[in-house]
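Asker: The primary structure of each chain is shown beneath.
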Amino acid sequence: MFTHRNRKGLKLAAVVASAAVMLSLAACTSSEGDGDSDEPIELRMAWWGDDVRHEITNSALDKFEDLNPGITVVRDFSGFDGYLDKITTQYTGGNSPDVFQFYNEVLVEFASRGQLADLSKGVSQDGWDADLLQVSTVDGELAAMPFGLSTQGFIFDTTAIEALGLTAPSGDYSWDDLAEFAAEVRTASGGSLAGVTDLSHGYQVFEVWAKQRGEDFMDADGLAFSEKTLADFWQYWADLRASGGATTPDITSEYQGTPYDAVVAGVAASTFLFTNQYDGVQGRTPNVISLERFPGEGEDAGQYMRTAMNLVISKQSKHQEAAAKLVDFLLNNEEANGILGLNRGFPANANVIEAASAGANENVQRAIEIFESVRENGAPAPVPAPAGSGTVNTLFAEVAQQVQFGQLSPADAAKQFMAQAASELG
Amino acid sequence: MIGFFVITLGPMLYSLYLSFTDFSMLAAPEWVGFDNYIKLFTNDPKYLDAVRVTLVYVLVSVPLQLAFALAVAMVLNRGLRGLSLYRSVYYLPSLIGASVAVAVLWRQMFGSNGLINQILDWFGIEGMSWIGNPETALGTLVILNVWTFGSPMVIFLAALRQVPQYLYEAAAVDGISRWGSFRHITLPMLSPIVLFNLILQMIGAFQAFTPAFVVSGGTGGPVNSTLFYTLYLYQRGFTGFQMGYASAMAWILFVVIALVTAVNFWFSKYWVHYDD
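Sequences listed follow chains A and B, in order. The opening position of the first sequence corresponds to residue 11 in the numbering used here, with each subsequent residue numbered one higher. The opening position of the second sequence corresponds to residue 193 in the numbering used here, with each subsequent residue numbered one higher.
A portion of the hints provided could be inaccurate.
Capping the alpha-carbon separation at 20 angstroms, the derived lysine to any residue pairs in SDA-like fashion look like this [what the hints assert, rightly or not]:
no., chain 1, residue 1, chain 2, residue 2
1, B, Lys231, A, Ala431
2, A, Lys335, A, Glu75
3, A, Lys425, A, Thr401
4, B, Lys238, A, Ala431
5, A, Lys73, A, Lys335
6, B, Lys461, B, Ala450
7, A, Lys335, A, Glu52
8, A, Lys131, A, Gln330
9, A, Lys96, B, Ala220
10, A, Lys96, B, Tyr426
11, B, Lys231, A, Gly398
12, B, Lys231, A, Gln430
13, A, Lys96, B, Ser207
14, A, Lys425, A, Glu225
15, A, Lys96, B, Gly432
16, A, Lys425, B, Asn235
17, A, Lys325, B, Ala220
18, A, Lys238, A, Gln430
19, B, Lys231, B, Val243
20, A, Lys96, B, Val292
21, A, Lys325, B, Ala219
22, A, Lys131, A, Thr147
23, B, Lys238, A, Thr401
24, A, Lys238, A, Asp226
25, B, Lys231, A, Leu435
26, A, Lys96, B, Gly409
27, B, Lys238, A, Glu434
28, A, Lys238, A, Asn403
29, B, Lys231, A, Glu434
30, A, Lys325, B, Met217
31, B, Lys238, A, Asn403
32, A, Lys96, A, Thr401
33, A, Lys96, B, Met217
34, B, Lys238, A, Leu435
35, B, Lys231, A, Thr401
36, A, Lys425, A, Tyr246
37, A, Lys328, A, Gln100
These are computed hints drawn from the structure, not numbers from a lab.
Pulled out of the complex, with its shape left as it was, chain A reads as follows (with noise of 0.2 angstroms):
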């Protein structure tokens, strides 16, 4: 059956594994000693993003690079679909990035696992907010650095409300306000734009409103508002759908996920946003489009500075003090945030964010001054919240989904919801 060609194509293959065998055996060994010696240092670091923000992470690593001959950092760069997924099997397998990006929802299921490594140890708290940095402590340890913050905001499209003869809420409105205003841009559009994106199914809408209420969202103990509360808010958003203020149930669940996306195709003249995402938003549409506080009574009440993302070290790294040091150039460093700007949001630390916001346009500008206003009147950011915290936000979706195709009454869906919500908290 061998043919002498295929032989030698064995032999050949042959050489080829033991080759390959014997560089992953150089490999393992050289792999052992840690830190203090001159031997090369491999961090890998993951993060989600689009490709700006792949684009200056990469120049930015490329600087921390030349500036620590002897660290090299393997870049794992992807968009956000995936990501959670990606960086949870690799746990499992044992071989994660040393250092990656982190979204504040899962935090606490793996911090409370021991897997992230206590970011006090070597990064500098220099020019950090104290109360942020409590936000982002688990079982005492700092298992996380915010890399970028922002607070909630509206959008409203300026273009098409004044082209209805209607001004757009600015400054200090109520939730009245907005509701009155949005019945009047779909009575003026002759019933092709509603006013408002229904917002019923957004447990971060409805944080801003029980805070308002001297309420929260969540806790470290679980759900720490009232029934009464809830029920409130989902009575709001059905009036504004009886009134045809807000976007109808199958529209408001084509754009679920991204309600902006309704602003920008002409659907809703105003939703909610982050004020990091105002920019891109803006230049996807020729129509003006402003930026506003949220709605509620009082200057910023409810509204709070925002971890947009984290960045993390995990426990499984081999090379802890070079991701701590990694940690600490692109958080800290102000050549590093010079880089990096404001595409993850508003730095953290003080110190850098004239570096992160220089060259910024009017649009981020604008952001900014929300952003600095919420810094001085906003309400403190919440405490992580227990394990299985992201189960409760998609049901939060699921039953307010159910009110807005009048399957349930906003009164039995609160109920319902908080039976279901504490069982699944366990």
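Mind docking chain B on chain A? Use the hints.
Answerer: What follows is chain B alone, placed relative to chain A:
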């Protein structure tokens, strides 16, 4: 052989073990006995939703898809010029049907500003968001599956070529109508191929994931109307950190698919005609 044990059987047995544990993927699995299985059937209404949605999808989309594939195959079999071109064109959707790109296209077509509504608009009909409405969202996914009729069609086409021409000639001499010869010659002669396609497509439909994931943005919404079994499994495993629970779901799906396939084979003796 080694590949089968290492890559297939090993992980399968491990997942069977995991299905009896509480496993977050970030900490070691903890043995919980039958708890996962018990919770699935007694204390998880969303699971029952997922089962219902998946059964409807399998029972509606597979017969429609096969009927459509057979119809197109028969048209193509009547000796069209440029057959190979048509065959390729109709086969294309099968190649790309389960891809993310097509699911995104579907989202655009059946969205509120989509192509379907623009066409309806010409006739003065006011559309809606077909993917945002719980009554129509699953329907758009059924249409997507029917649209990927190409691979059963190619198999049907090959089988149609094998049906001896003299049977039709004999039928024509006896004055049997075209429907009659379809009913009494084509279908019986094709029945083994129908069975083959049926089993293959049903197994595929039970495991459908991508279209629902993309069209609903990963939620299975609106109101769980597109919550395919595998999508819910994914949600539990990867966003809920309950891989033990997800493994239990996977094993139930595996057993159900095996049973359905066995039933298909068993029933086939009543309708499948083997020519030997």
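Asker: All hints, please: hold or fail.
Answerer: Hint check:
no. : hint                : result
1   : B/Lys231 - A/Ala431 : holds, 16 angstroms
2   : A/Lys335 - A/Glu75  : holds, 11 angstroms
3   : A/Lys425 - A/Thr401 : holds, 17 angstroms
4   : B/Lys238 - A/Ala431 : holds, 14 angstroms
5   : A/Lys73 - A/Lys335  : holds, 13 angstroms
6   : B/Lys461 - B/Ala450 : holds, 18 angstroms
7   : A/Lys335 - A/Glu52  : holds, 13 angstroms
8   : A/Lys131 - A/Gln330 : holds, 10 angstroms
9   : A/Lys96 - B/Ala220  : holds, 19 angstroms
10  : A/Lys96 - B/Tyr426  : holds, 13 angstroms
11  : B/Lys231 - A/Gly398 : holds, 16 angstroms
12  : B/Lys231 - A/Gln430 : holds, 14 angstroms
13  : A/Lys96 - B/Ser207  : holds, 19 angstroms
14  : A/Lys425 - A/Glu225 : holds, 17 angstroms
15  : A/Lys96 - B/Gly432  : holds, 14 angstroms
16  : A/Lys425 - B/Asn235 : holds, 18 angstroms
17  : A/Lys325 - B/Ala220 : holds, 15 angstroms
18  : A/Lys238 - A/Gln430 : holds, 16 angstroms
19  : B/Lys231 - B/Val243 : holds, 14 angstroms
20  : A/Lys96 - B/Val292  : holds, 18 angstroms
21  : A/Lys325 - B/Ala219 : holds, 13 angstroms
22  : A/Lys131 - A/Thr147 : holds, 13 angstroms
23  : B/Lys238 - A/Thr401 : holds, 12 angstroms
24  : A/Lys238 - A/Asp226 : holds, 13 angstroms
25  : B/Lys231 - A/Leu435 : holds, 15 angstroms
26  : A/Lys96 - B/Gly409  : holds, 18 angstroms
27  : B/Lys238 - A/Glu434 : holds, 13 angstroms
28  : A/Lys238 - A/Asn403 : holds, 18 angstroms
29  : B/Lys231 - A/Glu434 : holds, 12 angstroms
30  : A/Lys325 - B/Met217 : holds, 15 angstroms
31  : B/Lys238 - A/Asn403 : holds, 15 angstroms
32  : A/Lys96 - A/Thr401  : holds, 19 angstroms
33  : A/Lys96 - B/Met217  : holds, 12 angstroms
34  : B/Lys238 - A/Leu435 : holds, 16 angstroms
35  : B/Lys231 - A/Thr401 : holds, 16 angstroms
36  : A/Lys425 - A/Tyr246 : holds, 16 angstroms
37  : A/Lys328 - A/Gln100 : holds, 15 angstroms
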